[in-house]
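Numbering-wise (full-length UniProt numbering), the sequence shown opens with residue 1 and increments by one.
Keep in mind that the hints are not guaranteed to be accurate.
[Unchecked claim] Simulated restraints, written as ranges between beta carbons of each label pair:
hint : residue 1 : residue 2 : range
1    : 24        : 68        : 28 to 36 Å
2    : 26        : 46        : 23 to 31 Å
3    : 58        : 34        : 40 to 48 Å
4    : 72        : 51        : 27 to 35 Å
If you're looking for bench data, these hints aren't it; they were derived computationally from the structure. Ideal Cβ positions, reconstructed from N, Cα and C, are used throughout, including at glycine.
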Amino acid sequence: MTSDQRLILPFVACGDLSGYDADACYELDDDYVSLDPVQPPIDPAYLEVCRKARTKAAHDEAAIITGLMEATKLS
């Protein structure tokens, strides 16, 4: 290994250490107004997961209701 290869340089991904960190949360001003995106995602990657979650939640809810209805019929 040469001396050039042994030199370790500091690495800063974005800006410097005094700047904002993209992975951190910051307090917003009291008068801050959140804006909707100009163009929402056309085909977001998470859409299929949302659909599956809704379908499973609806199925689970129907199973609970069916179970309760059957339990009341037996009484």
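Here is how each hint holds up against the structure:
At about 46 Å, the CB distance of residue 24 to residue 68 disagrees with the hint of 28 to 36 Å. A hinted range of 23 to 31 Å for the beta carbons of residue 26 and residue 46 is consistent with their spacing of about 24 Å. About 30 Å separates the C-beta atoms of residue 58 and residue 34, a value inconsistent with the hinted range of 40 to 48 Å. As the Cβ distance of residue 72 to residue 51 is approximately 32 Å, the hint placing it in 27 to 35 Å holds.
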